[in-house]
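Chemist: Protein chains in written order, with this note's numbering: chain E, 196 to 750; chain A, 479 to 1060.
It is worth saying that the hints were derived from the structure and are not from the lab.
Here the structure is a predicted model, which is why all the values come from computation and not from measurement.
Cβ atoms here follow ideal geometry from the backbone N, Cα and C, with glycine treated the same way.
Be aware that one or more of the hints could be misleading.
Which stretches of chain A does chain E cover? Using the computed rule of at least three CB atoms under 8 Å from a CB of chain E, they are [stated by the list, open to error]:
| hint | segment |
| --- | --- |
| 1 | 594-604 |
| 2 | 925-931 |
Pairs of lysine-lysine residues, derived as DSSO-like cross-links and limited to a Cα-Cα distance of at most 27 Å, are as follows [to be verified]:
| hint | chain 1 | residue 1 | chain 2 | residue 2 |
| --- | --- | --- | --- | --- |
| 3 | A | Lys-853 | E | Lys-572 |
| 4 | A | Lys-712 | E | Lys-611 |
| 5 | E | Lys-357 | E | Lys-280 |
| 6 | A | Lys-905 | E | Lys-611 |
| 7 | E | Lys-718 | A | Lys-781 |
| 8 | E | Lys-680 | A | Lys-905 |
| 9 | E | Lys-357 | E | Lys-344 |
| 10 | E | Lys-344 | E | Lys-371 |
| 11 | E | Lys-640 | A | Lys-853 |
| 12 | E | Lys-572 | A | Lys-741 |
| 13 | E | Lys-611 | A | Lys-853 |
| 14 | A | Lys-698 | E | Lys-733 |
| 15 | E | Lys-733 | A | Lys-662 |
| 16 | E | Lys-304 | E | Lys-280 |
| 17 | A | Lys-741 | E | Lys-640 |
| 18 | A | Lys-853 | E | Lys-680 |
| 19 | E | Lys-640 | A | Lys-781 |
| 20 | A | Lys-583 | E | Lys-572 |
| 21 | E | Lys-572 | A | Lys-698 |
| 22 | A | Lys-905 | E | Lys-534 |
| 23 | A | Lys-698 | E | Lys-550 |
| 24 | A | Lys-781 | E | Lys-534 |
| 25 | E | Lys-733 | A | Lys-892 |
| 26 | A | Lys-905 | E | Lys-572 |
| 27 | E | Lys-640 | A | Lys-698 |
| 28 | E | Lys-718 | A | Lys-892 |
| 29 | A | Lys-894 | E | Lys-733 |
Some chain E residues well away from chain A (every beta-carbon gap over 10 Å; in silico) [to be verified]:
| hint | residue |
| --- | --- |
| 30 | Lys-344 |
| 31 | Val-350 |
| 32 | Glu-432 |
| 33 | Tyr-502 |
| 34 | Thr-577 |
| 35 | Asp-578 |
| 36 | Asp-590 |
| 37 | Gly-608 |
| 38 | Glu-643 |
| 39 | Asn-676 |
| 40 | Arg-710 |
If you want the building blocks of each chain, they are given just below.
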Amino acid sequence: MGDAALPRSCTIRIGVGGLSIFFANDRVIIFLVRLCTLLLFSTTLHGSGQSTTSDRNTQAEVHANNGLDLAQSGNLSAAELELRKAVELAPTNPAFLSDLGTVLGMEKKLEESTNTFQRALKLDSNNSTVRRYLAANLWQLHQYVEAKKNLEILVRQDSADKPALLLLGMVSENMKDYASAARILATVPALVREQPESIAALARSYYHLGNREKARATLEQLQTHPAGPKGVFLGAEIADGMQDYATAEKLLISIKTTFPDRSTLGYSLASVEYHARQFDDSRQTLLDLISSGYQSSKIYRLLGWCYQEQHQPAQAAQAFEQAIALEPTQESNYADLSKILIANRSLPAALAVAKRTAQAFPHSAGAFLLQGLVELKVGQFTDAVESYTHAFQLDSANPDASLGLAEAQFAAGMSKDATQTFEASTKQFPRDARFKLQYALILLKAAETGNATAEAHAEELLKSALIINHSLPEVHYHLGNLALKNGRTTEALTYLETAAKLDPRIPETHFALARVYRRLGRKEAASREMEIYQNLQKVESEAKSPNMPDGVSPN
Amino acid sequence: MVSLQTDRLMKSKWFYRSCQPLLLLTAVMISLTFSMPGSTDSSTKNEIFTDITPQAGINWQHFGGESADRFLIETMGGGAAFLDFDGDGLQDIFLVNGGETPHGKSTTAIRNALYRNLGNGKFENVAAEAGVDRLPFYGMGVAVGDYDNDGFPDLFITGFPASALYHNNGNGTFTEVTERAGVKNGGKWAAGAAWFDYDGDGLLDLVVTNYVQFSFDTPKRCEVNGTRTYCEQKAYQGMPLTLYHNNGNGTFTDVSAQSGFDKLSGRALGVVAIDANDDGWTDLLIARDASPNLLLINRGKGKFEDVALEAEVAYDPGGLAKAGMGVDAADVNGDGLPDFIVTNFNDQYDSLFFGSHSVPFEDRTVNSRLAEYSKSYVGWGTHFMDYDNDGNQDLVIVNGHINQVIEMTRSDVKYKEPPLLLRNNGKGVFQNMREQAGVAFNSNYSARGLAVGDFDNDGDLDVVFTCLNATPVLLRNNVGQDHPWIGFELQGTKSNRDAIGAKITVSLANRKLVRWITGGGSYLASHDKRVIVGLGGDSGATVAIVEIRWPSGTVQRLSNLRPNQYHDVVEPAAANATGRRK
Chain E
196 MGDAALPRSC TIRIGVGGLS IFFANDRVII FLVRLCTLLL FSTTLHGSGQ
246 STTSDRNTQA EVHANNGLDL AQSGNLSAAE LELRKAVELA PTNPAFLSDL
296 GTVLGMEKKL EESTNTFQRA LKLDSNNSTV RRYLAANLWQ LHQYVEAKKN
346 LEILVRQDSA DKPALLLLGM VSENMKDYAS AARILATVPA LVREQPESIA
396 ALARSYYHLG NREKARATLE QLQTHPAGPK GVFLGAEIAD GMQDYATAEK
446 LLISIKTTFP DRSTLGYSLA SVEYHARQFD DSRQTLLDLI SSGYQSSKIY
496 RLLGWCYQEQ HQPAQAAQAF EQAIALEPTQ ESNYADLSKI LIANRSLPAA
546 LAVAKRTAQA FPHSAGAFLL QGLVELKVGQ FTDAVESYTH AFQLDSANPD
596 ASLGLAEAQF AAGMSKDATQ TFEASTKQFP RDARFKLQYA LILLKAAETG
646 NATAEAHAEE LLKSALIINH SLPEVHYHLG NLALKNGRTT EALTYLETAA
696 KLDPRIPETH FALARVYRRL GRKEAASREM EIYQNLQKVE SEAKSPNMPD
746 GVSPN
Chain A
479 MVSLQTDRLM KSKWFYRSCQ PLLLLTAVMI SLTFSMPGST DSSTKNEIFT
529 DITPQAGINW QHFGGESADR FLIETMGGGA AFLDFDGDGL QDIFLVNGGE
579 TPHGKSTTAI RNALYRNLGN GKFENVAAEA GVDRLPFYGM GVAVGDYDND
629 GFPDLFITGF PASALYHNNG NGTFTEVTER AGVKNGGKWA AGAAWFDYDG
679 DGLLDLVVTN YVQFSFDTPK RCEVNGTRTY CEQKAYQGMP LTLYHNNGNG
729 TFTDVSAQSG FDKLSGRALG VVAIDANDDG WTDLLIARDA SPNLLLINRG
779 KGKFEDVALE AEVAYDPGGL AKAGMGVDAA DVNGDGLPDF IVTNFNDQYD
829 SLFFGSHSVP FEDRTVNSRL AEYSKSYVGW GTHFMDYDND GNQDLVIVNG
879 HINQVIEMTR SDVKYKEPPL LLRNNGKGVF QNMREQAGVA FNSNYSARGL
929 AVGDFDNDGD LDVVFTCLNA TPVLLRNNVG QDHPWIGFEL QGTKSNRDAI
979 GAKITVSLAN RKLVRWITGG GSYLASHDKR VIVGLGGDSG ATVAIVEIRW
1029 PSGTVQRLSN LRPNQYHDVV EPAAANATGR RK
């Protein structure tokens, strides 16, 4: 059987609007409707040629026709019922299945719609229409592998199947196969141009391939696209996401007067400016929004981050408090406020906010993780144990809870408990190198107080952490220090130089390198490393305590 | 009371030979006097040290000025010293009091104590009569030294915002001579101090460790769980060292700039003066609190070079400048070179470094088991002392946290902590003697300054340590006489009279025991200047050879010295010398 699509069903599809989708915005719905339309126009329309001789088939036909009429009139639920009856009476009729699948798709019952199309294809595997609808469904369901398989069948059957090529290009982009995406979408430029979404997909692919110029040129098309400001807005989002802030800003400014939602546009512009580290501009954009009467939690939150970047901690805190006041149920507002207070070394204030968060969100593991973190920083180790325990109880699958608990236990002097927690966690999270590293650190401490096997175990853990992730500077540092301690100077040098290369900002690495170079008689190198170490120490201590306000934690 | 004239007679060499039987009788009488209720029952007989503070009549209390402001100075004092201030041959005890703070007031006058040793295990506080009871500033530590070589130990008392020098008049009294001497160290918070002769002119010079920039006008506020507490030391900026040159006429010149000491800024606390590289010049190891330690090698002509980095004693292996408070030096592993201890904060471990002719020094903190024993303690005063006279330098450390709230945040660290008595196996590996050490080593204190001396002249070293806002603790050594010993009291002639900087080598059949007369050492404290060398099992009838290298460079050899007694040794004239300073 060739492509099979009922003329009446095609009509319905054109008239009603085709497949529904799970995407959040209307633009994509419209896109799919049109895609569907194209799919239909490219299909050879002919009758199903299936006439039933039995009463059942006749009845099925009646129900099917009723269903199509109802669908055309917009009564999808009634249409569904009729088409179900048709399928029930003639379960091996692929056309009825296809029609039912279509209506289900329009009702956003994508999973069932997909199953129905798959049943239809089993009965009529050459039906390219059904296959197209199926592929479109699968794409909406993010089942890209299956979608791709079906689209490739279509393209093999007809290499000029432009709609299939368009969808295949977009699926490739979703699967991060940017080279294929760019290549395929470039074969259907007219179709790509018709939809902002496909323009966006092509632009993203070019960005990922490092071809910024082509990406920008692609996004430029949106400025004259019939989709208007909303299409341009989409393009700006793409550019921002791909860190092409200049293009993003240019696109947003171009629709400043035409985009219908000033608040959304203003916020997006401020975000782009923030991402581009133009904190002053971003702050001004947000303040303009606020003074124009647009106040929202996310505006104040971004404003808070602007102030933070501009080293205005009091204003930053104030902005975050405003965000909290406007949206007290948004946990991330509290979390961000805590983060900036920690960054500004206002630890008692950070602790107060963390406690507020935990009180406001008593079932949130994240809130207790935050509280535990701050308690660790202020040296309230036993309290930190309690907080992390609570976080762990709320979400035992969260590695941060296990890790924080073990660290807090160790800091509180509960070494045995810490060891037990680490032992359990390294088994639960075998691919998380952080556990191996932190466990190794407490074993190294234990080795300092007479535990002979602890050092060997620590070294083992550190080496296994490196197997998981070879780019952990701290692991290289500790292995280097161990080697130095045991007189393996050359080995120490290798590890420590790697650590310094991976992260030159860790002062201890340079201190250890100075020791190694001294042992090797390389005095100048040793002096240079000591100088770097002392400079980094100075920067660290200045960053920590300009005026030593509240919150200097005692030993 | 024995007159001072008789005291001088008793100290002379001929007196020992002719009056030994009388001495023996006296010793018996003294030991019988110590047989007081509670001190000879079976429990104290078996303990290494016995706390005899109440029996000794010591009831002085330290006052730190503790207040809601939580000024850091409230938690850092006080000092202690053993000295024979009246020349009667018995070690007396000087204790430095703290002071009031803006909201930490005392209902009684705050006074230092000068406990005169009465010779019968009892002491009497004569600070007022001696003229050393009151200070015009907040007191910290004490350094005892005979700066004018008149045979009577003088006192330099450190504090904030000034320090003071008291000249011993030789008649049981002192005169405050700070301004005239030019050693006020005004405006600074001075912690430790040490007398040492840095230029080899036979006069004791003075190094002062200054801690942090501090003012009662600007309290810093820190809290734990809403409870006000002391801020960590890093909240305060460090200060440079002060070095005073003794001009020989009762005055001193501040040579901090010429020597480069004024560039060495950091939070300095403990200091010990010893010849670290055996070149005949006295060097300095300075413990600094969250600042890198200093190892100042004396290059002569008033110049010093800091080699702490090369020696790897400045930081820990991780690059951390530990919270160094107390410091001491002695030969711990029997190689004839000084080794060093620095006391630190909990979780940092007290550090032990083996000295060496080459750098770096070996960090023995872990292998000596010191890390294991000191892990949960904040260490302050410390001194190497051969408590059992087996010839190996053991170690005593006193501890105590600074924050009362620590037990709110940690389950393994306490506010009050026990002292540590660590026995050396001769190779620098220690054993915690807690179980045998005595009740004091199983009790908890907020201990600070620690001084060591033989107050009962029985040839073993006793201990006194101060406690914040409490009475000090005087510990009598019960076991030193298990092994023979030999004692030296040196008197310099060309060298400074105290012989600070002298190196004594006692050669036995199978080993050599090296001791130094150091300046400073411990924390805020000063020690008995006599040297006791435990002979272990190797007493022989006499000690074969003793070599003394005087600070002047003169090398003197003595032989056939009898054990179990002190020997007064006077520096010979140049013609009798056999060596020179390098």
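Chemist: Looking back at the hints listed earlier, which ones does the structure fail to meet?
Modeler: 1, 2, 4, 5, 6, 12, 15, 17, 19, 20, 22, 24, 25, 26, 27, 28, 29, 34, 35, 37, 38, 39 and 40
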